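**Q** Build out the structure end to end from the sequences listed, making use of the hints.
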Amino acid sequence: MGFIKSLTVVTLSASIFILTCTTIVHLVFFLSSLPDTVKDLNLQEYQRRGGGKSIFSNIFMNIMTNVTLICVFILQHSFLIQPMKTIAKKLSVPVLERSFYNLASSIALLTLIFCWKKNPSYALWYIDVQNNHTLKTVYISIHTITWLIIYVGIVCMDVAELFGIKQVIKYLRDEPKFFECKSRGLVRFQKHMRHPSLVGFLIILWVFPFMSIDRLLLASLWSIYMIIAWKPDIGDYNYLLRQQLIKKLS
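Heads up: the sequence shown begins at 1 in UniProt numbering, then just goes up one per residue.
Keep in mind the hints are simulated off the structure, nothing from the lab.
If you're wondering where the values come from, they're calculated on a predicted model, not measured in any experiment.
Cβ atoms here follow ideal geometry from the backbone N, Cα and C, with glycine treated the same way.
Some hints could be false.
[What the hints assert, rightly or not] Distance condition first, Cα-Cα at most 16 Å in a straight line; then the derived EDC-like pairs of lysine to aspartate or glutamate: (1) Lys5 to Asp174; (2) Lys166 to Glu97; (3) Lys118 to Asp214.
[Claimed, not checked] Cβ pair distances, simulated, as ranges: (4) Ser57 to Asp158: 47 to 55 Å; (5) Ser6 to Ser220: 32 to 40 Å; (6) Thr22 to Val72: 28 to 36 Å; (7) Met226 to Thr65: 19 to 27 Å; (8) Ile142 to Ile107: 23 to 31 Å; (9) Val72 to Ser33: 21 to 29 Å; (10) Lys85 to Thr8: 12 to 20 Å; (11) Leu110 to Asn58: 20 to 28 Å.
**A** Okay, here's the thing in structure tokens:
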């Protein structure tokens, strides 16, 4: 029975890990891929296609759909931590708490990505980088470097723990619970900042050549959410200073 349970835990953890990685890849392309074509559709063209009311109604419905998708992701990302722990405990697999949370996050993100409604009709700004090799190279370089910085930050924050892999390894080795091995300062810091590089994500969201209505909505709401959610304080700052001092002395 113990072997079957361990096999089930490993299978679920591995499957969710693969899904999470796949979701991250989709997110990178969703946020950084350049549009293939940009059609500058003005109000007169829409009116020729069926009247001004229809286009504004269509834009409004798309905005409402996108706002709903963003709100679902934010609610999941902020308030489903404890429910995922409860579900894992009821299923007698508390070691999969983090994996279940990653599963919920992946489902919410994939839903947002594949159900997202684009509104290319109007834009806050549009820079044609497709036909300018220099600008295109600069844009790709900025996003590539920024994603690499975000990735390095995740690795530094213990990528195995964030993906739920370390918890499973400790479970299979019958070692103490994961958080029992962490200092209070580290646990407190990670609760206040679970993801690295706030500035990196802001760059990804805002450094984009075609700031359409839907992109502006996504960048604005996610920026506000991240600024509110990222809440390191003076205690976390002092903890990091102590850790740097310990490294220098050692």
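**Q** Against this structure, judge whether each hint is valid.
**A** Verification of the supplied hints:
The straight-line distance between the Cα atoms of lysine 5 and aspartate 174 is roughly 13 Å, inside the 16 Å bound, and the hint therefore holds. Of the supplied pair hints, the one linking lysine 166 and glutamate 97 holds, its CA atoms being roughly 12 Å apart against a limit of 16 Å. For the suggested pair lysine 118 and aspartate 214, the alpha carbons sit about 6 Å apart, so the restraint of at most 16 Å is met. The hint said 47 to 55 Å for the Cβ distance between serine 57 and aspartate 158, and at roughly 48 Å that hint holds.
Separated by about 46 Å at the C-beta atoms, serine 6 and serine 220 break the suggested range of 32 to 40 Å. A hinted range of 28 to 36 Å for the beta carbons of threonine 22 and valine 72 is inconsistent with their spacing of about 19 Å. In this structure the supplied range 19 to 27 Å holds for methionine 226 paired with threonine 65, their Cβ-Cβ distance being about 22 Å. Between isoleucine 142 and isoleucine 107, the C-beta spacing of about 30 Å keeps the proposed range 23 to 31 Å intact.
A beta carbon spacing of about 22 Å between valine 72 and serine 33 agrees with the range 21 to 29 Å that was offered as a hint. A hinted range of 12 to 20 Å holds for the C-beta pair lysine 85 and threonine 8, which are about 18 Å apart. Separated by about 24 Å at the C-beta atoms, leucine 110 and asparagine 58 satisfy the suggested range of 20 to 28 Å.
Hints 5, 6 from the list above are not met by this structure, while the remaining hints are.
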